[in-house]
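With the hints as a guide, bring the two chains together.
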Amino acid sequence: MSNIISLQNISKEYTRGCEIVHALDNVSLDINQGEYMAICGPSGSGKTTMLNIAGCMDHPTSGSVVLEGKHVEKGDEATLAEFRRTTIGFVFQQFFLIPTLSVVENVELPLLFSRKKANRDFTVELLETVGLGHRMNHFPSQISGGEMQRVAVARALINEPKILLADEPTGNLDSRNSKAVIELFEELNSKNIAVVMVTHNTDLAARCRKVVHLEDGKIVK
Amino acid sequence: MKIAALAFSNIRRTPIRSILTCISVLIATATVCIVLSVDRGYTNAVQSDLVEKTGVHLYITKEGCPIEAAAVIAQGGLSPLYVEENKVELAKKIDGVSAVLPFQLFTATAFDGSRTDIFMGVTQEILNIRPDWVLKEGTWFTDESSVILGAEMAQIENLSIGEKLYSEQFDREFTVSAILQRNYSQDDGIMFIPLSTAQEMIRREGRVSAIAIKLDDISRIPEISTILRGNLPDDYYVLGAKELSDGIMGFFAATRMIMFVMVIVTFGVSIFGIVNTMIMAVMERKREIAYLKCVGARRNDILHLITIETLIICITGAFLGVIIGLVMTPFANNMLKGLLIAYVPSGSIASPSGQIVLISFSLSIITGVVCALYPAWKASSIIPMEVLRNE
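Chains A and B, in that order, give the protein sequences. Heads up: take any position in the first sequence, counting from 1, add 12, and you land on our numbering. Heads up: take any position in the second sequence, counting from 1, add 663, and you land on our numbering.
Only chain B is shown next, with the shape it has when bound in the complex (with noise of 0.2 angstroms):
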């Protein structure tokens, strides 16, 4: 018999106790593995679109959060920040440069609040500035009532080229001249528009969104956000793409730490389940430890026995936790992006690795190490002869 079979013998000794003791790991396990592919698909999810995606290296908006302005447009807003769309040329300007967007970004919610269309008003400079913003059929904008369709608003509207599509809310009507190339983010859902008419139909002529900037080399996002910052007004800000997409993950740093406080309080749960259970097991098994002490066992011995049978229940715990932990990975993800109101990413926020899986499975082992050695000292601790003499 090895001491693995006697500690496996051990636990069947109290099986419920020793389930829910392998549940409250499972649990924390999970929990583990939930949260860090939460927080390694949002970050990524965010990362790749406002930094990978876009090709924008940098954004001029004006004064304000346009974090929050974004929330405004979300909800069927109108943003109140704008930028003078006459920047646009200054920044053309400017040596380094290689593309400038101005854009126009607005909802129109239906009137019975049914739905909700996005309508982003571009130059045609978005060709050159969005490299996965690719028309899949059809031509650029042919006049001013002409609008491109991402690929999912085009599956929704069954809508193909050429034909006309009604905008019940302003009042007018689109031809639907290309329909984009799916690329999986907000572009499938979104109309885009020509600018002009999207400053026409929200009455902002000369003003947009934001100006979205493509460098040469974006080693001098620095220097190049320096003289920009330097030739605009002061209530204008000039953005990296990566600042904006820190901001966002800074919106999402109170979702971020009560998530690391669930995982705290389900592994305090946990650590508090094992070693009572430990102990209990011990404090039961008192005169049969002295026994075992009686033949011979090693102080060695009975320490290895009773860590085994902790780490027994916390593999057991931390393996099923860590397979159920991913098969609940893509319900967190439809959960959280319901939830999410700030920014939605257009990727799958809970995104799982074999790191994640790696860490959470360590970080139950662990704990379930360190758990065990009050309990197995304690058995190793037991004097035979005390024990039989207070019998």
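Pulled out of the complex, with its shape left as it was, chain A reads as follows (with noise of 0.2 angstroms):
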């Protein structure tokens, strides 16, 4: 398997107020293409740090971030938008749709700054993977919170990334639509796309191939 990612003696440290947070001491870590890893841990063990890192929303305080070869850790803003447009798919908590929008309008939003014209097929197509097909002309606020976050993992697919980074994808979500999304991730994983999430849940984490656990910045197991 191909490394998408590799995240290489990443420490990261930044201030809250005036103390000096260590969110993540020295760690390394491999994604590879095809990889369904969870990383878990308590509140403040540095998880959603390292996603961020690895998601090239943020920069180490040091190590490499090498990203399809590329060492990124010190891109500028362009770069790293560059990388997050074509290699990698975000999922977060809250779903972020725009409530004026219909469904086929979200998930086609990033090819707005993709700068790529929009393939209302392929659009179809995501939709209809994520079980959304009969929702395409609906608005947010006419879903539920289930069907809200698989919207969000269809746009986070609109530009066909190699790696989908989700934090906290169920945490807003109940447990029957919890499993809704964690079959998708697993069929969205069957295609070869890499799927890191962060989690708290055990459960969730165990139907991963890969569970790293994140303790005060630092990987334990």
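A couple of the hints might just be wrong.
Which stretches of chain B does chain A cover? Using the computed rule of at least three CB atoms under 8 angstroms from a CB of chain A, they are [stated by the list, open to error]:
| no. | region |
| --- | --- |
| 1 | 672-684 |
| 2 | 960-974 |
Taking lysine-lysine and the DSSO-like style, the derived pairs with C-alpha atoms no more than 30 angstroms apart in a straight line are [stated by the list, open to error]:
| no. | chain 1 | residue 1 | chain 2 | residue 2 |
| --- | --- | --- | --- | --- |
| 3 | A | 203 | A | 233 |
| 4 | A | 128 | A | 203 |
| 5 | B | 1041 | A | 129 |
| 6 | A | 129 | B | 665 |
Please keep in mind that the hints were generated in silico from the structure rather than gathered at the bench. Ideal Cβ placement from N, Cα and C applies to all residues, glycine included.
Shown next as structure tokens:
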């Protein structure tokens, strides 16, 4: 399996008021194509920070981030934005859907920034993959929380990323919708898309092929 | 999807706030449109009345404020200023003077205050000096009790040639000898009588309100003005028609200043509204903007998005504002005509133009772009990580 993201000896410190927070302490992690990984750990252990650095949303204080063979740890905003557009898809606990746009328009939103013309057939295919082919012209206020998260997943996939980074993707969902989202992740992973999710949910983590435990900014197992 | 469509969709999320902001832009644009139209219209109307229509290049008047005198006459009084009629001969002798018209202007208000008649005593020189003073029907004064009526006056009194007109205030009967062609100036409402009759009616024999002078060559106005001043006593003035109109414009300056302050205030309110709306929109959508950056939106994309949102509001407001401004202009014209005391020109005092529409529209758009800068910069500077971490 080819390597998509490689975090090497990453440390991350930031200040909160007058306190220096050591969010990550010399951690290394490789994410390969088709990987299905969970990052677990207690609150404040550095899970989200690790995901954000891997997703080119944050710079490490020290260490290297290699994305498809390129060092991006010191990349400027434009370079990182380019990687986020082309290689990575994001799913968050909040769905961030635009309420005045229909489901299909929300899914096609990232294309606006990648300057790509929308291919409606592909969007429909994506929506059918996430089980929302019949909800295309609905607005976010007309669908359930689970459906909103599935729209968010479809939106994350519109640029055909190699990796899907999800931060607590089921945090706002009930168990039935959580199960549906996880099954969707598994289906996407079976199509060779790497899925890395941060979660508190041990049942969900147990379904992943690889689980990384973080504590106090260090990988403990 | 285009970025403009996303911007429009974002505006629709807070419709009431967007409409209110749009209205503030509308009011500011309409105000600019009306104020500029009034400024242009009044200047043109005064210029037209006093410089172009009259054909008069110079006036000989007595020391004192001619505008104040005009106000006294307009309110039914008798101006304290007068010029000795013998100065007419002096003016006629100067080389370059083509016509000299002494005139006596006064008003008479009915005993019950129900009407005010304007009388103007003139000589036949008026035909040489005033290009727009044309007899529509009838002939020049046949005797001392002849009257030539302005078109409006004849219409109101329902009089035709040869009919009698009785002035209650002066207990005097006039015979209509002619009716003037309508020229849409104050002439339309004036009763023109022989100068000697006018002087006799107000007991000012040998005296006139002022002397109007027409020159052969308008480039000689400064030269002939200096010659006249040199030949007249110290308490006489020689005013150019342009100076007179400038004087009236000076009188209008205070009103003009108030109007422009009004524009500044409405624009200030509008700017405050736009900036407030857009900053609120950015603050409320901080996490969403952070997400857009997560999915690859560049700093410029966010900058464009917020600027376009502001522009949509401003363009809509400015467009409607210009329309409302144009619709309101005739009302502003009528209202201001009722409020002006010193000098009410005959033409429209609110005159919009393509240039005014363009200025009003552009000013609102430029203001919108300036207002968008700070919120757009603030939004584009959002660091997704910081927003999500603070969450």
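Status of the hints after comparison with the structure:
{"no.": "1", "hint": "672-684", "verdict": "holds (count 4)"}
{"no.": "2", "hint": "960-974", "verdict": "holds (count 4)"}
{"no.": "3", "hint": "A:203 to A:233", "verdict": "holds, 27 angstroms"}
{"no.": "4", "hint": "A:128 to A:203", "verdict": "holds, 23 angstroms"}
{"no.": "5", "hint": "B:1041 to A:129", "verdict": "holds, 29 angstroms"}
{"no.": "6", "hint": "A:129 to B:665", "verdict": "holds, 10 angstroms"}
Figure legend: structure checked against the earlier numbered hints; every hint is met.
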